[in-house]
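Student: Sequence:
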Amino acid sequence: MTEASSTTPSSSSSSSTNGTESLLPKSNPYGPNPSDFLSNVSSFKLIESTLREGEQFANAFFDTEKKIEIAKALDDFGVDYIELTSPAASEQSRKDCEAICKLGLKAKILTHIRCHMDDARLAVATGVDGVDVVIGTSQFLRQFSHGKDMSYIAQSAVEVIEYVKSHNIEIRFSSEDSFRSDLVDLLNIYRTVDKIGVNRVGIADTVGCANPRQVYDLVRTLRSIVSCEIECHFHNDTGCAIANAYSALEAGATLIDVSVLGIGERNGITPLGGLMARMIAADRDYVLSKYKLHKLRDLENLVAEAVHVNIPFNNPITGFCAFTHKAGIHAKAILANPSTYEILNPADFGLSRYIHFANRLTGWNAIKSRVDQLNLHLTDDQCKEVTAKIKKLGDIRPLNIDDVDSIIRDFHAEVNTPRLGPVGDEPAPKRAKTEASSLSNEVTQEEEAKTEEAPSA
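Everything in the sequence shown is counted per this note's numbering, starting at 1 for the first residue and increasing by one.
Cross-link-like lysine-lysine pairs, in silico, PhoX-like; alpha carbons within 20 Å at most:
| no. | residue 1 | residue 2 |
| --- | --- | --- |
| 1 | Lys108 | Lys165 |
| 2 | Lys72 | Lys292 |
| 3 | Lys389 | Lys326 |
Beta-carbon label-pair distances, calculated as ranges:
| no. | residue 1 | residue 2 | range |
| --- | --- | --- | --- |
| 4 | Gln143 | Arg223 | 27 to 37 Å |
| 5 | Gly239 | Ser42 | 21 to 31 Å |
| 6 | Arg397 | Asp76 | 40 to 50 Å |
| 7 | Lys195 | Gly104 | 33 to 43 Å |
| 8 | Ser43 | Lys292 | 12 to 22 Å |
| 9 | Leu374 | Lys102 | 47 to 57 Å |
Keep in mind that the hints were calculated from the coordinates and are not lab data.
Predicted model only: the values in this text are computed from it and were never measured.
No residue lacks a Cβ here, since even glycine has one placed at the ideal position from N, Cα and C.
Hey, can you work out the whole structure from these sequences and the hints?
Tutor: Structure representation (structure tokens):
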């Protein structure tokens, strides 16, 4: 693969590429609708839950040192809140919560607790900036989890909220399994807690069953019921976590729960990097002004190593081929104007784009670019000729960069070798046989082998 320039023409400029005016629209068609006054696509906040939801990932075990390292990295990235495991979960969880609260980070520190006074007392005592209270409201959870009715839930919520508020720290109340809860029950409990002054209410798609349209409808309805902020938590069981988060912001939600690589219970929640990809496509200026996107890859590597997983090849932004272009048509256009086949600019994330030219799908424009990088000179017709050689060998076996470079250099030497002059002139010096000579011979040898093996008529 060859590294290409990572500068994408701005959609708001009229810059030209190779003498042609940029065809990008003057405004971003993927941004928020300016007529939608409820949308928070350009003013959202992140509650980063790697150290809470992420601890529920099957492979996760974060000791105190690793938690502190991750918390500092998240803070450096620029997240608004860092959510920690409940201090009621274990004695070490309580100590870790206290230790992180003492770091003096810019991000506010939250802890996630059950709607129970014992948990609330422990949480407040750790020194957190806020408490996230949750209780199941669906019939499934009321019957098979905690066994409480909506009247008890409301009474407990009021008691816990008033206690936390009395300590002058933030309080969020969230239903659990919101999308399988009765709508009337939901709106009644949210109205109750809003009246007594919660900082925000939470919607949780606990089993990942919701789709973007359902999310939009519920958040829009809730926005008309409560005056506080709305936080949303989306699991990814059906693959909608990023789309649901975006839909929630469009409908008026303010905060989205995320985790690095989306790690969490089962197959996790909205991934931080994936949401950044979605949001920068909508409002690049806002995202760039708020988050240090060039630190995303190191942050993901840190967490991936801690939980013993590899970053997926198709991971938004940081997947190993996220900014790699292979097909000849794509490569030609990318070399002329990267916006032809990219909605994200890799330079925004401290990354580079690559043209994958070592394959049979390559085009002569990609090979010409490689010729230039090798400081060689071939005409367009010669580039087309050497491209044909590369494609022919690529039909036989996989190629690597060294293969292609050798073929290019060998071809360049061949076309630039002086021919024999008139009688009496010195003959051209004999050129040493290169690796590329043997590479190009592979095509002939392969064809001869096929001929020998062919059955007689």
